[in-house]
Amino acid sequence: MKVIFLDIDGVLNHNAWYNSEAYYKNEYKDPDLDPNIIRMLNEVTNKYDIKIVISSSWKIDSYCTERLRKADLENVIDCTPDLIFKIPMDIYYRGMEINEYLQEHPDVDKYLILDDISDFDSEQLQFFYKINYQVGITDVDISFIEQFFK
1 MKVIFLDIDG
11 VLNHNAWYNS
21 EAYYKNEYKD
31 PDLDPNIIRM
41 LNEVTNKYDI
51 KIVISSSWKI
61 DSYCTERLRK
71 ADLENVIDCT
81 PDLIFKIPMD
91 IYYRGMEINE
101 YLQEHPDVDK
111 YLILDDISDF
121 DSEQLQFFYK
131 INYQVGITDV
141 DISFIEQFFK
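Residues 1 to 150 in our numbering are what the sequence shown lists, from first letter to last.
Bear in mind the hints are in silico, worked out from the structure with no lab data behind them. Any given hint could turn out to be false.
Claimed, not checked - Computed cross-link-like contacts, DSS-like style, restricted to lysine-lysine with a CA-CA straight-line distance of at most 27 Å:
1) Lys51 - Lys130
2) Lys130 - Lys2
3) Lys29 - Lys59
4) Lys2 - Lys150
5) Lys51 - Lys70
6) Lys59 - Lys2
7) Lys51 - Lys150
8) Lys29 - Lys70
9) Lys110 - Lys150
10) Lys130 - Lys150
11) Lys2 - Lys70
12) Lys47 - Lys130
13) Lys51 - Lys29
14) Lys2 - Lys110
15) Lys47 - Lys59
16) Lys47 - Lys150
Unchecked claim - Simulated restraints on C-beta separations:
17) Asp32 - Ile117: 16 to 22 Å
18) Ala16 - Asp107: 32 to 38 Å
19) Lys150 - Asn19: 30 to 36 Å
20) Asp78 - Lys150: 21 to 27 Å
21) Gln103 - Asn15: 33 to 39 Å
The beta carbon of each residue, even a glycine, is placed where N, CA and C say it ideally should be.
Using the sequences and the hints, build the whole thing.
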């Protein structure tokens with residue numbers, strides 16, 4: 001199974017979105033999520049049969065996956081385990097949650113981490129693609145995702 005571990009803040013929403021006229025018109029299903037990015041992500045995940053696992057801190061909200069589905073984000077299958085309150089903060093990093101998810105799901109044979117912060121171990125960094133939090137996912141990022149999963 002191909003998986004994208006997806007952060008949300010700085011990836012599906014971003015500074016340019018919050019400063020845009022479209023954001024202030026509030027015509028979208030979820031004003032905190034850029035609908036153009038959701039459309040692009042849906043296209044690439046559908047084309048290459050990629051599943052999405054939420055690695056964002058948004059996952060601590062029990063309605064996170066429902067909220068994303070209502071915003072039309074497709075292919076969301078799960079969230080990484082929440083370890084932030086189970087591991088001392090001085091040793092915690094987001095990559096620990098991805099490692100635990102991968103251990104529990106051996107059917108994941110290829111993965112990519114989309115995040116605006118590189119909070120991962122050295123092995124995971126080869127599967128990490130940094131998103132510019134100022135603009136979120138762009139066409140260039142989508143091209144990288146396509147090449148990665150081709």
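Hint check:
For the suggested pair lysine 51 and lysine 130, the alpha carbons sit about 19 Å apart, so the restraint of at most 27 Å is met. Distance check on the hinted pair: lysine 130 and lysine 2 sit about 18 Å apart at the alpha-carbon level, within 27 Å; holds. Between the alpha carbons of lysine 29 and lysine 59 the distance comes to roughly 19 Å, so the proposed pair stays at or under 27 Å and holds. Simply put, lysine 2 and lysine 150 have alpha-carbon atoms about 11 Å apart, close enough for the 27 Å limit, and the pair holds.
A hinted pair counts as satisfied when its Cα atoms are at most 27 Å apart, and lysine 51 with lysine 70 qualifies at roughly 17 Å. For a cut-off of 27 Å, the pair hint linking lysine 59 to lysine 2 stands: about 20 Å separates their Cα positions. Simply put, lysine 51 and lysine 150 have alpha-carbon atoms about 14 Å apart, close enough for the 27 Å limit, and the pair holds. Proposed proximity of lysine 29 and lysine 70 is supported: the alpha carbons are some 7 Å apart, at most 27 Å.
For the hint linking lysine 110 to lysine 150, the alpha-carbon distance of about 11 Å falls within 27 Å, and the restraint holds. Using a Cα cut-off of 27 Å, the hinted pair lysine 130 and lysine 150 holds, with the two alpha carbons roughly 19 Å apart. Between lysine 2 and lysine 70 the CA atoms are separated by roughly 23 Å; this keeps the pair inside 27 Å, and the hint holds. About 22 Å separates the Cα atoms of lysine 47 and lysine 130, which keeps this hinted pair within 27 Å; it holds.
Simply put, lysine 51 and lysine 29 have alpha-carbon atoms about 22 Å apart, close enough for the 27 Å limit, and the pair holds. About 5 Å separates the Cα atoms of lysine 2 and lysine 110, which keeps this hinted pair within 27 Å; it holds. The hinted pair formed by lysine 47 and lysine 59 meets the criterion: a straight-line CA distance of about 25 Å does not exceed 27 Å. With a C-alpha separation of about 10 Å, the suggested pair lysine 47 and lysine 150 falls inside the 27 Å cut-off, and the hint holds.
Between aspartate 32 and isoleucine 117, the C-beta spacing of about 18 Å keeps the proposed range 16 to 22 Å intact. The supplied range of 32 to 38 Å is met by alanine 16 and aspartate 107, whose beta-carbon atoms lie about 36 Å from each other. The hinted window of 30 to 36 Å between lysine 150 and asparagine 19 holds, with their beta carbons roughly 34 Å apart. At about 24 Å, the beta-carbon gap between aspartate 78 and lysine 150 stays in the expected band of 21 to 27 Å.
Glutamine 103 and asparagine 15 have their C-beta atoms about 35 Å apart, which keeps the hinted 33 to 39 Å range intact.
The structure shown violates none of the earlier numbered hints.
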